[in-house]
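All chains, full assembly: derive it from the sequences and hints.
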Amino acid sequence: MMEDLYETLLFGGDLSPQERSSIEDRLDDDPDLVKAWSHWCLVRRRLRDRLHEHISDRRLLVLYVLDQEGHDDALTAHEREALEAARDELDRAVAAVPALETIVDRIRDERDDFEMVWASHGEDGHQHQTTLRSEAESGQNGTPDRAERAARPPHERDQDRGSRRWARRLAIATVGLVLAVAGILFWPEESAVTTVTVADGDVQVEVLGDGSTVRLVGPATLSYPAEDTETAVRRVTLEEGRAFFDVQRRSDHASFVVETPTAVATVLGTQFGVSMQADTTNVVLATGSVRVAREEETEDGGVVLEPGQHSWVAKEGRVAAPKPVDLTTALDWTGLFVFRSVPIETIAERLNQRYDVQVTVAESLTGEAVTGTFEREQPVEEVLGALAATLGANVHQEGSDQYRLVPAP
Amino acid sequence: MATPSFDPAQVRRAQNGDERAWNDLLRRLEPLLRGYFIKRIGKEPDVDDLVQNTLMRVHKGLDDLKKPGSLKSFSMKAALFELQDYYRGRYDMKETLYDPELPPQRTTDPEDRSAHVDVEKALDVLTPKARRIMELREYGYLYREIAQMLDTTEAAVKMQVKRAFEKMKDALTSLLLLVWFFGL
Chain A
9 MMEDLYETLL FGGDLSPQER SSIEDRLDDD PDLVKAWSHW CLVRRRLRDR
59 LHEHISDRRL LVLYVLDQEG HDDALTAHER EALEAARDEL DRAVAAVPAL
109 ETIVDRIRDE RDDFEMVWAS HGEDGHQHQT TLRSEAESGQ NGTPDRAERA
159 ARPPHERDQD RGSRRWARRL AIATVGLVLA VAGILFWPEE SAVTTVTVAD
209 GDVQVEVLGD GSTVRLVGPA TLSYPAEDTE TAVRRVTLEE GRAFFDVQRR
259 SDHASFVVET PTAVATVLGT QFGVSMQADT TNVVLATGSV RVAREEETED
309 GGVVLEPGQH SWVAKEGRVA APKPVDLTTA LDWTGLFVFR SVPIETIAER
359 LNQRYDVQVT VAESLTGEAV TGTFEREQPV EEVLGALAAT LGANVHQEGS
409 DQYRLVPAP
Chain B
784 MATPSFDPAQ VRRAQNGDER AWNDLLRRLE PLLRGYFIKR IGKEPDVDDL
834 VQNTLMRVHK GLDDLKKPGS LKSFSMKAAL FELQDYYRGR YDMKETLYDP
884 ELPPQRTTDP EDRSAHVDVE KALDVLTPKA RRIMELREYG YLYREIAQML
934 DTTEAAVKMQ VKRAFEKMKD ALTSLLLLVW FFGL
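If you read the sequences in order, they're chains A and B.
Following the working numbering, the numbering of the first sequence begins with 9 at its first residue and continues without gaps.
Following the working numbering, the numbering of the second sequence begins with 784 at its first residue and continues without gaps.
Hints are not guaranteed to be accurate.
Residues from chain A shown here face chain B by an in silico Cβ test under 8 Å; the list is partial [as the list claims (entries may be wrong)]:
1. 125
2. 386
3. 389
Everything labelled a hint here was simulated from the structure, so no lab data went into it.
We put the CB at the ideal spot given by N, CA and C, even for glycine.
If you want it as structure tokens, here you go:
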């Protein structure tokens, strides 16, 4: 219960009047916590004041970055003077407040993104990607779920540019052996197609007509039939980016096909991740069965993956032989923990690394294997609770960041 | 595919008050800025305001653009300025609960000496990692953004904050005991 109170105080955001009243009632019973909270607010104010003391005008950080990155043509004469006058102050500030260095790096990322967006827009000001349509236009709810947002891995800008250039080339060229990016060659003109584009750093889960789900990790673009037409083949196209598929097995055994610019993955009912980046498609299989092939290969061609294996197909390359892979690491980008028959003590180690906590396991539970999928953004207590329920165990909290899984009595 | 080329002559005409030239610049800049802010903060309702404010900055500052061919850098600067204002405006320091500047109504002890606790000493309790996270939070970033900036997860960032609060709470209890004991 105290954990709930801390969560609400520290991260609660806007509270309804009822929630606020409930929290205040609970704080009435804990004057020490009230004092601690009051001082926490004072500490935060001090941090804020200190930031302001070191950097009185945030625009100076922007000018600093623009100047460093060769955009001094953007600075007015007055701004250039102000920047020169503040240069020593900025150097001292960055040395005194380490967070400022992180902020400067972020401003550089923002600058890089502006360059990228500017470059991807044409003469008419509209973005020229072959299948880009807004979620509003396609009738989808375009607002990413806040809870779904995952930490972005290091920005692979060259790969982003490479995959976009590749997507544009495919849209122009007539492709015989590889998949058409626009999907025009695949669906009859009269079929309605839904295209979903997810921004860099966002995660969005799409539910398809047959109940299958696709977890898109931005930047990513996916196209699929607007309606589930009960055909023998369910077909989607991942033009770029990464997606984790949870495919529902159909009673008619209709196969589910994921196409990318370089490969085709055919499944019956399974969980797997597909990553289309830098002209290479990578497929990782968690459960079920997947066949990975180049588009021109026959039904007997390509390779069949078993759970815990991956394969890849590069542009104009062959399909790589299946290789075993650590699922949790290989699917790290999904924002999920994916475990398949992993011993509980190994899972505990992963949680220790991810959450910076200490999870131990009673000896009687060691060796117990767990299969499951968890959101990485879930609080560690929730993940442990789910694991304990699976094992018929309990979670004991032995310190502020120490937990132990023990058998239930 | 060519990058957007804004004719310097058109920019100069807009600078000279040619409304048609400015409207055309606006028409072409608007979707570009919208795409940029969606990329940075997602499809939030605030994107509209960011786009409009940035266009206002470009419009107001157009006379300062000495090289009409540098519209990209100029617009970039305006967008980056706008983001900085956006982050700063995110959090209101007035907490939803127990504003520390108000008398602590729920503390009835007239002998309460907690007001004398040194805030600087409380800052020393923070680990460097926790302090950096809190500084970034006070600058205006969301926890998920902080996680991206530090190449970790939002859950790990929040764990650091929670731990810092607990540590500070424990340290405060010890400090108050000392204050009470020595009658400071």
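Hints versus structure:
Restraint check, residue 125 of chain A versus chain B: the minimum CB separation of about 4 Å is within 8 Å; hint holds. Look at residue 386 of chain A: its Cβ gets to within about 7 Å of chain B, closer than 8 Å, so that hint holds up. With 8 Å as the threshold, the beta carbon of residue 389 of chain A stays out of range of chain B, its nearest partner Cβ sitting at about 10 Å, so the hint is violated.
In this structure, the one hint that does not hold is number 3.
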